[in-house]
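Asks: For reference, the chains in residue letters:
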Amino acid sequence: MRKTAREALVSYSFCLPAYLIFTVFIFIPILWSFILSFFDYNILTLSAPRFVGLYNYTKLIKDQVFWVSLRNNALYSIVYVPISLILGFIFALLLNDNFPGRNFFRMAIFIPSVVSLVIESIIWMLIFSAHPSGVINRFIRIFGIPPQGWLSDPRLALFSVAIFMIWRSFGYNMLLYLAAMQNIPAELYEVAELDGAKPWQKALHITLPMVKPTTFFLTVTSVIDSFQIFTPIYIMTGGGPGYSTTTVVNYLYQKGFQEFAMGYASAMSYILFIILVILTVIQRKGFRAEQITL
Amino acid sequence: MIHKKMELNKALWLSLRYLVLIVISAFTLLPFIWMLSVSFQPDKGIEAYGFIPKKFTFQNYPTAWNYPRLYDPKVTLGTMFRNSVIVSFFVTLFSLLFDSMAGYALARKRFPGRGFLFWLALTTLMIPFYVTVVPMYLITMKLGLINTLAGLIVPFVSSGFGVFLFRQAFLSIPLELEEAAKVDGASDLFIYWRLMLPLVKPTMATMAIFKILWSWNMFFWPLLVIYDYAKMPLNLGLTIFRGQYVTRWGLLTAGMTIGTLPVLVAFLAFQKWFIRGLTAGALKG
Chain A
3 MRKTAREALV SYSFCLPAYL IFTVFIFIPI LWSFILSFFD YNILTLSAPR
53 FVGLYNYTKL IKDQVFWVSL RNNALYSIVY VPISLILGFI FALLLNDNFP
103 GRNFFRMAIF IPSVVSLVIE SIIWMLIFSA HPSGVINRFI RIFGIPPQGW
153 LSDPRLALFS VAIFMIWRSF GYNMLLYLAA MQNIPAELYE VAELDGAKPW
203 QKALHITLPM VKPTTFFLTV TSVIDSFQIF TPIYIMTGGG PGYSTTTVVN
253 YLYQKGFQEF AMGYASAMSY ILFIILVILT VIQRKGFRAE QITL
Chain B
1087 MIHKKMELNK ALWLSLRYLV LIVISAFTLL PFIWMLSVSF QPDKGIEAYG
1137 FIPKKFTFQN YPTAWNYPRL YDPKVTLGTM FRNSVIVSFF VTLFSLLFDS
1187 MAGYALARKR FPGRGFLFWL ALTTLMIPFY VTVVPMYLIT MKLGLINTLA
1237 GLIVPFVSSG FGVFLFRQAF LSIPLELEEA AKVDGASDLF IYWRLMLPLV
1287 KPTMATMAIF KILWSWNMFF WPLLVIYDYA KMPLNLGLTI FRGQYVTRWG
1337 LLTAGMTIGT LPVLVAFLAF QKWFIRGLTA GALKG
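Residue numbers (this note's numbering), protein chains in the order written: chain A, 3 to 296; chain B, 1087 to 1371.
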């Protein structure tokens, strides 16, 4: 009896530091932000929090900018998610078997995923320069296309950010696809080859169905990431021109940390949370269905 | 004849594949090469920087490194580099320690609430950072950590992902090892520190590279917490730099190259463990 009590005490001590951090910086905040979303609280005015009920939420639903931000997140994810997944899959296919230079190409494609997003955003901001001698503008001149305001034209800006993020992330998708392809039994391909299947047929009828769980995982995590994009927007466009690239987190930053409307920002963060929870539930459901069919 | 045609087809396929791969690698690498190239060109004040420097200079590097800020002549990009190193070092050190301690207890000990604690660690993975960020900021303020380097370190010295990874690693070690040590009267601390930790070195390497990259690259939190130039990490400093010296691309890209190098070196050195961790992270999903 003594011994088990001692054992428990030792175990709790080992867990203490990590769970103290979780409590202070995750568990208390997630509850606090829910409570805060029913208050009017501005830390600049130094006034005490004032209970306002559902006011923050009703105000949010009527807030045009919030809806524009949500739409921007959705638009961005419609461009970003499929293209970065398809590119990831294609280059995993091309780099799956062993040939000279394979590892170099894998690394070359993956490197943008590890370098600082801030630094990469600045590089691409310079590359996207609207000046006729900007890198991209000089490149498209070869094809006779006139210079574009990649980040200053409201019709192009969000699209440009999406191109940049595809450049950055498809290497990560490729690596996860490569890991999934390791687990496909070689016999499947051998049988197909005996039947005279062409490489593209094998890719379409064997590889693609076999990596379906990875596709599902990547789709959901990429959509979730798309709804949390902040840094490239903050650096490259500042949410503009107008509100054409403002996303939910950018708007949250503006409300919460530039205007210090903490209650309003909390309500916004909870709506974001609900959206993300719904996406996660879809992922879980899909995963379970996947396991049953396999 | 048919055989020859197949050979030809194969060679054609292979060269086509190389062509596609070279084009895509150019696409992924050229932005970095361009940054490197601009960093060796004298400032022109206009935006006509090509890939191949017409005039070559090393001067941008020392100038960027020593560039004094407008508001505080003592603060340079070098100061911010040092801040980033300090933050990355302590975040990595403490999270290796705290995550492995919790992971050890969850994997090897029997005690009431163990399942619940493990569930809690997994729950932290489902809570998005931006949903907790407002109260996190308020708590950090109450703790007096706003505008300090500790404010960038303390909230991140432990993660559910780390606890999860270490628990899995400790689970795979045979129980007999520990029991033999216990019979010999070894203390819990000794068993954890001298016996068990050395056995999970691969997981330590994986966590280390993740934490180094993550803390070196973090941006949103420093943007909220730090407003003194003297305490800014490099990432944040570079955005300020960009705002103040819009036309001095040579200096800016030199600073960016300095910021990229440590991450690249760390990544190339720990590559194997990094990729291991990536796939482990995906499988848990």
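It is worth saying that the hints were derived from the structure and are not from the lab. Please read all numbers here as calculations on a predicted model, not as lab measurements. Among the clues, some could well be false.
[Claimed, not checked] Simulated restraints on C-beta separations:
id	chain 1	residue 1	chain 2	residue 2	range
1	A	Leu33	B	Ile1172	27 to 35 Å
2	A	Leu11	B	Asn1152	31 to 39 Å
3	A	Gln184	B	Leu1211	46 to 54 Å
4	B	Ile1172	A	Thr60	42 to 50 Å
No residue lacks a Cβ here, since even glycine has one placed at the ideal position from N, Cα and C.
Asks: Range hint 46 to 54 Å: satisfied by the CB atoms of A/Gln184 and B/Leu1211?
Replies: 25 Å, violated
Asks: Could you see if the CB distance from B/Ile1172 to A/Thr60 stays within 42 to 50 Å?
Replies: 45 Å, holds
Asks: Between A/Leu11 and B/Asn1152, is the Cβ distance one that fits in 31 to 39 Å?
Replies: 54 Å, violated
Asks: So the hint says 27 to 35 Å: do the beta-carbon atoms of A/Leu33 and B/Ile1172 match that?
Replies: About 32 Å separates the Cβ atoms of A/Leu33 and B/Ile1172, which means 27 to 35 Å holds.
Taken one by one, the earlier hints fail for this structure at numbers 2 and 3, listed in ascending order.
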